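Number of protein chains: 2
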Amino acid sequence: MEISELGEFGLIDRLAKDISPKNDSTVKGIGDDCAVISPTEGMQTLVTTDLLMEGVHFDLTYVPLRHLGYKAVMVNLSDVFAMNARPRQVTVSLAISSKFTVEDIEDLYAGMKMACTKWGVDIVGGDTTASMTGLAISITAIGEARPEDIILRSGARPTDLICVSGNLGAAYMGLQLLEREKAVYDEQVAEARRSGSKEQMEMLSEMQPDFSGREYILERQLKPEARGDIIDALREAGIRPTSMMDISDGLSSELLHICRQSRTGCRIYEERLPLDYQTAAMAEELNLNVSTCALNGGEDYELLFTVPLALNDTVAAIDDVHVIGYITEEDKGLALVTRDGGEHQLKAQGWNHLKS
Amino acid sequence: MEISELGEFGLIDRLAKDISPKNDSTVKGIGDDCAVISPTEGMQTLVTTDLLMEGVHFDLTYVPLRHLGYKAVMVNLSDVFAMNARPRQVTVSLAISSKFTVEDIEDLYAGMKMACTKWGVDIVGGDTTASMTGLAISITAIGEARPEDIILRSGARPTDLICVSGNLGAAYMGLQLLEREKAVYDEQVAEARRSGSKEQMEMLSEMQPDFSGREYILERQLKPEARGDIIDALREAGIRPTSMMDISDGLSSELLHICRQSRTGCRIYEERLPLDYQTAAMAEELNLNVSTCALNGGEDYELLFTVPLALNDTVAAIDDVHVIGYITEEDKGLALVTRDGGEHQLKAQGWNHLKS
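These protein sequence lines map, in sequence, to chains H and G.
If you're matching positions, the first sequence starts at 1 in our numbering and goes up one per residue.
If you're matching positions, the second sequence starts at 1 in our numbering and goes up one per residue.
Please keep in mind that the hints were generated in silico from the structure rather than gathered at the bench.
Among the hints, erroneous ones may be present.
The list cannot tell twin chains apart, which means a pair is met if one copy fits it or any two copies do.
As the list claims (entries may be wrong) - Restricting the straight-line Cα-Cα distance to at most 20 Å, the calculated cross-link-like pairs of lysine to any residue (SDA-like) are:
1) Lys-17 <-> Lys-113
2) Lys-347 <-> Gly-10
3) Lys-99 <-> Val-56
4) Lys-17 <-> Ser-154
5) Lys-99 <-> Gly-55
6) Lys-99 <-> Thr-133
7) Lys-347 <-> Glu-5
8) Lys-347 <-> Gly-7
9) Lys-99 <-> Met-132
10) Lys-113 <-> Ile-30
11) Lys-99 <-> Ala-110
12) Lys-223 <-> Thr-61
Quantities reported herein were computed from a predicted structural model and do not represent experimental measurements.
Whole structure, please, built from the sequences with the hints as guidance.
This is the structure in structure tokens:
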């Protein structure tokens, strides 16, 4: 169905129809000038926002809309968890070009709702409008935490252990794989067009690349998970990290933020970087250095945090948490100790979309 | 200066450098995974968000970036006032294409800061990213109010008086004027190109259209003001409206929302629609029906609210507030009484960007 058949209000009614607030703190959801939230007594409110643009942050030739919706919400929830807080509400704004159908937008929304349901988050409002160009998605997430629980980037101290959850570089390798398959496909289509073979064109339209054995890295790229489970595990273990953030631009870039804001240096060990087998295999196949991918790949949405040295055994006992190094005095700089014992300065390369 | 010279983090540092939170409730502004807000005890939190796309919501050939920034913030503050609440914080997300310089973005930000300063609002975070196409601006505003002060759209009751602040249709006429001058200019440029006259081209590049006597309607389009002053005046007069919203899509469309959500009808009088002289003059010049412009023009950002009939004298005594009709039982429908005593059904035409 064309969106123009419904119009703006019709589309909003349709998207909103089975959204009902489940959180105690949500007083009023979609349908007025503002959403109304009732803060829990003694809690502070956390706010984070992201703007995703077609052609910069996602490529719809290989990203299904449902996954895109899921990811768009999840990356914002990840920012709330990274403050050691609980996400409660999101607002969702969409700018939609005429190439999308009502069913497309429902798919996108289905993914968003799935991510919200997973963490008990309400969609409480937003804006739906037209775009002359591609799709734009802006999500704002709102969470809450007791003031004493909130963890900033600035609290790391020398001798603190540097920890990461999960493993690194997988989402980046998934992206490389998708980009490669897209290039192969585009090439085949161009060739079929040149030869004018109708049969070949039909075959191509049916073709699906074989991703067997690479499911994990694809899932990491297409359907990342915010690590609220790690937040729970830390709480259960009685550990309060001294600093924390999520890894969206790559480990190097995020360590730079923590060290700059904490006025410290750091020392991490290449051999300790957590890697999945599929990440390493794909890196080898593409002739990339897997450590570089883990350091600078981005979109991991794992948690990076520091804990006092005394908690070494406690933190090491938590499933899926890895100690990769420690915090140093500021004048020591940011060092990566390589497998051969060499020392390199860490640089933030990351996802710098604005740099040419 | 090219944005690529600074990169994302450099640009954010530069934009954030003279932003320091002034609100007591702002605990942590720009610089971490989330902003942290400390809700005032006993208050609820209001959240609203808007996504503005180049080519749909604004045309940079005649909208200065500073005005655009001002307006982008103001329209969100207007939504907070429309709940009878106070805006406290905003987040600002920008997607920027390579045609913009650092100075352009500073201009845009200067306008945003001006709007924030006017109402004591802090910029507490956001996202800055690249765009492959035009400029996208997403703003989320956060406000607070005591639960008993919050006014929804759903509280209007039969016999309540319907009031609007300021006057209507002016922003729409300003837009028509700008669009007309743009068309004239484009035509002259095309002609100069055809004739190959270099002299004529130079003359055109210096030319500024004469807007004298139309300053008011231009300002209403380019630099709208959220009516926090009316919220203050109502409070001082001891009036609590039964329903309220701001007029962004046009009076007809907003009345439809209030009546639908309150399960009422309404009856408004054409002769009572508040109009500015410049609006009427421009409508006549363009051969448009001025009442239609006032009813459906949009972007007024005035307040539409209802008050109990008994408050007639009190509300009429407030400067710049006009009673334009009253609420009826639902089965009476939405009626406009024309100057000649005829009766028409009100329809929402409004700004339906998604309708072709």
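Verification of the hints:
Within a single copy, Lys-17 and Lys-113 get their C-alpha atoms as close as 12 Å, which meets the 20 Å cut-off; across copies the closest is 37 Å, which misses it. Within a single copy, Lys-347 and Gly-10 get their C-alpha atoms only as close as 49 Å, which misses the 20 Å cut-off; across copies the closest is 15 Å, which meets it. In this homomeric assembly, Lys-99 and Val-56 come within 20 Å of each other (Cα to Cα) both inside a single copy, at 18 Å, and across copies, at 16 Å. Proximity of Lys-17 to Ser-154 under the C-alpha cut-off of 20 Å is restricted to the inter-copy arrangement: shortest distance 18 Å between copies versus 42 Å within a copy.
Both within a single protomer and between protomers do Lys-99 and Gly-55 lie at most 20 Å apart by alpha-carbon distance, with minima of 15 Å and 16 Å respectively. Taking the shortest alpha-carbon separations for Lys-99 and Thr-133, both the intra-copy value of 9 Å and the inter-copy value of 16 Å come in at or below 20 Å. Taking the shortest Cα distances, Lys-347 and Glu-5 sit within 20 Å of each other only across copies (17 Å), while inside one copy they are farther apart (51 Å). Within a single copy, Lys-347 and Gly-7 get their C-alpha atoms only as close as 49 Å, which misses the 20 Å cut-off; across copies the closest is 14 Å, which meets it.
Both within a single protomer and between protomers do Lys-99 and Met-132 lie at most 20 Å apart by alpha-carbon distance, with minima of 10 Å and 17 Å respectively. Only within a single protomer do Lys-113 and Ile-30 lie at most 20 Å apart by alpha-carbon distance; the minimum there is 14 Å, versus 28 Å between protomers. Only within a single protomer do Lys-99 and Ala-110 lie at most 20 Å apart by alpha-carbon distance; the minimum there is 19 Å, versus 35 Å between protomers. In this assembly of identical chains, the alpha carbons of Lys-223 and Thr-61 lie at most 20 Å apart only when taken from the same copy (16 Å versus 40 Å across copies).
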